[in-house]
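What follows is the residue order along each chain.
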Amino acid sequence: MPNLLIFILLITFVALLFRIEFFFYLLYFFFGMYILSRLWGQHALDNVIFERECDMRAFIGDRLPVKIRIQNRGFLPLPWLRVHDSLPLGIKSPNFYHCVISLLPFEKKVLEYELNCRRRGYYPLGPLIVRGGDLFGLRNSEKRLEAPDALWVYPKIVPLSKLELEAKVPFGYVRTKERIFEDPSRLVGVRDYQSGDSTRHIHWKATAATGTLQVKRFEPAISIESQIFLNLNRDEYTYTRATPASETAIVTAASIASYLIEKRQTVGLSCNGKDPLAEEAIKITVPPRKGEAHRMHILDVLARAELSEHLSFADLLHQDRLQLTWGSTAIIISGHADDALFDNMLLMKRSGFHVMLILVDSQTPFALVKQRAEDVGVTAHQVWQERDLDVWR
Amino acid sequence: MSGDETITQKTLGDGATATSDKGTSSIKTSRDWSRIALEEIIRPLAISAMLTCIVISLNQLIGSVASEWPGGILSVLTLLVCLESIHAKQLLTRLELDSRERWRFRFVEWVFILLVVRFGVYIKYGAAQLAADVARWSMDVGAFFDIGFIANGMLMAIFWSLALALSSAMQELEASPTEKRPRVTDPHHYLYSTMPRHGRIDRYARLKRITGIFTAGGMVLLILAGLARVDVRNLMAFDHSYSSGVLLNVLAYFLIGFLLIGQARYTILRAHWEIEGIPVMEGIGKRWVLLALAFLFLIGLVSAVLPVGYSVGMVDTLSTVLQWTLYVLTQIAFGLLFLISSLLALLIGFMTGTPTETQPSAAPVARPQAPPAVSGRPMPWWPLVRSLAFWTVLIGIIGYSIFHFADYRWSLLKKLSLSGFFRWLLGLWQGIRSGTQKATAEIRRAIANRLPSRESRTRRRPWRYISLRGLPLRERIRYFYLSTLRRSAKQNLGRPPSATPWEYQSILAKEIPEIAEQFDELTQAFIEARYSEHPITEEKASRVKNAWRGARKTLGLYRRRKRNEPTQTEEENT
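One line per chain: the protein sequences are W and U, in this order. Anchor point for the first sequence: position 256 equals 263 in this note's numbering, and the numbering is continuous, going up by one each time. Anchor point for the second sequence: position 141 equals 1125 in this note's numbering, and the numbering is continuous, going up by one each time.
Source of the hints: derived by calculation from the structure; they are not laboratory data. Hints are supplied without guarantee of correctness; some may be wrong.
Computed cross-link-like contacts, DSS-like style, restricted to lysine-lysine with a CA-CA straight-line distance of at most 30 Å [to be verified]: (1) Lys356(W) <-> Lys297(W); (2) Lys290(W) <-> Lys270(W); (3) Lys99(W) <-> Lys163(W); (4) Lys74(W) <-> Lys169(W); (5) Lys1529(U) <-> Lys150(W); (6) Lys150(W) <-> Lys169(W); (7) Lys74(W) <-> Lys1270(U); (8) Lys377(W) <-> Lys169(W); (9) Lys1270(U) <-> Lys115(W); (10) Lys212(W) <-> Lys290(W); (11) Lys270(W) <-> Lys150(W); (12) Lys150(W) <-> Lys1270(U).
Hey, can you work out the whole structure from these sequences and the hints?
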């Protein structure tokens, strides 16, 4: 009603001219309508509170229900309220949720929709925008949900049980065939004393019972301290397979990390991908730790990791291998193996690390790569798709 | 939160959801009965009743001077004509008649309306008058079209048009199937994407038209109602008393008008939601009407308790307010003086031991008189306060309206004040003048500098068109590239006008593989020199020159080879 103010002035003039009381009432009525409508439109959303409620962690394939709770805590009714929630295309198609509702004073409403976690990733949700206005279109107002929400969709974790890793850090939890790594805390039996056995390992009770010297037999065990090196440099993948191959690499890394932490081992992660929460950083490094919290930390990082072009994999290996402790295992997950990678692996072997290579997008025949890896003392595996991880199940 | 109403996609209004799923054709089918009733019955009745309210006041005015005027009949006829106008429009939309049939339809309609208007008034005048008039018309056919009939006919035509305009505008606010975006695979998508504004109707222009008719009609109604109540002679002399009481037709007009505008606003929003495929909660339309009624009732209630009469004039009221203010200030000053003098008298009494006699105070200031009553009635205290409240409210309303009106419309003018605008114009003129002078001087100087050097260059090397060494490095690289293009064009390998340098590079490399390396360097250097601001070094220019020489040589070889090819073929043939 753009000309309402002119009309109010004209009514004033007519009312003063004719001195008809009813015209003054009309004048008040028009003016009141104009002012109150504007105030209504302006302050309609002042007492409206709204929040988005959903789980912020999910795995691929989950369907997450999202609830938007809207409550009018004021006396002003809201004739219309347009709710618009912007969402990433990876989890909602079309990439928004919108609807129109109406709220009476102190009325609450819950809006529901679903997110389809089709792809791993870090998905900022929102902004959630609510628009409302008065009945006569004199004023509209808008309110946004200030608190940003984000959804982590974790990579798929393939349960592994037959993954064998070599390591040389003694006193761990994983049994090994190499007797050099006997753990004195794991007593498995006794045997006859032989020349050269340490007197500290004599089992005196058994000796007394049998009458001959018996020494304790310990279960050999190692501690696998591992660092997963994950290549997420887009240029080092085949152009057409960059996305599926890198996803397979991430699934492999998540599965191995999960397996090792289940085995109560320490595991870390080095990755040359991009973390959307750390725009400036060119690599992601998670130092080796153990425990459930650490597993969630690694999964969080793997959920967020994206392909990048900033740091080559060779540079990443060169920088982060210096942080490894002697005897630990480097699990290298890469698109393909080039000379620089072999050079780095050789250096690692010479420095006393165990190296395991997993290729997810080999551009050269894998048999050749495997042969070359064996030449430098590295075990090579090929994981072309998630199904290939079944060999370690 | 057990009391919360949970709304999922399924429980939202089916209208918009259905349209978004089923496409454009389902907009019509999604109309429910309440909507049909609104469009077919309630809205036409509301528009007709609103317009009839104006005619009632007009008839009251005419009736006050001509007692025989058939006002009641004409009011009813206006209502019927307005309804007919809206109904005829809906009928025409449904029948989809061609142009000729539409004209016939309108002709028949108007003949009927005019006959009803002509003979309808005899309900009041009676059968005897009709018989007399029929006899008169048989004597003189022209008497059929007397001034009263023509005036009534014109009145009906005006209200028929207004009803049609309002109804059409309200109808156009609805979402139409053509506005909905078809799927990309739909054959209509191209049409939709190339239509101006994508076929969208400017709904706010329609709303403006509706409010324009409403406010203009309202103003006419107020003036007519005012004139019907007040004697014009008294009005001219501004010597008329108050009139009170509710004017029902005026009240009805504005009430219906506001409800219609509220409805129009809702229709616009609903149309936008439908076009965008936004699901809408059920029952918003009903809530809208109820809230609008409650809102208007509340404002009416507040307005009813505000003072509407004033028993004192404006200037007198101001004068009284001023006098009272001065009176209060004087009383305060006297009070303070009295306190100080009493204290001083007490002190002097203590010091001298004899009480000081205080002088009798001056005569008290007379209270201001209340302003004379406008109507000459006695002036009690309460009406004065009501008058003051009335004027305060009225001045507040007028001040607010004028201020905001100016604020909305003239904000641009406020920014560019008149003096500033003239200063800007003057500055512009001076800038243009000085700029022109400077540019002319510059051109003269440049010509004067260039001419001798050009002459000397031409004198030194009269046999060369271009001196490569004299060219800037950037220009030199451009020359190398363009020269190669010219040479390749001579071999029928010219650059197609649509090809970019890189596209042409690949074309030429395919035709003459030997030239690929040199021309690649030339192209790269040309693009850098032509489109970037990178500095060009002498070394780079010499590298490009070598490439250019190589390319020239290769092109020469290609030319010779091409010339020999037919000879070789002929030899082979022989």
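### Message
Run through the hints listed earlier and report the numbers of any the structure violates, in increasing order.
### Response
Hints 4, 5, 6, 10, 11 contradicted; others consistent.
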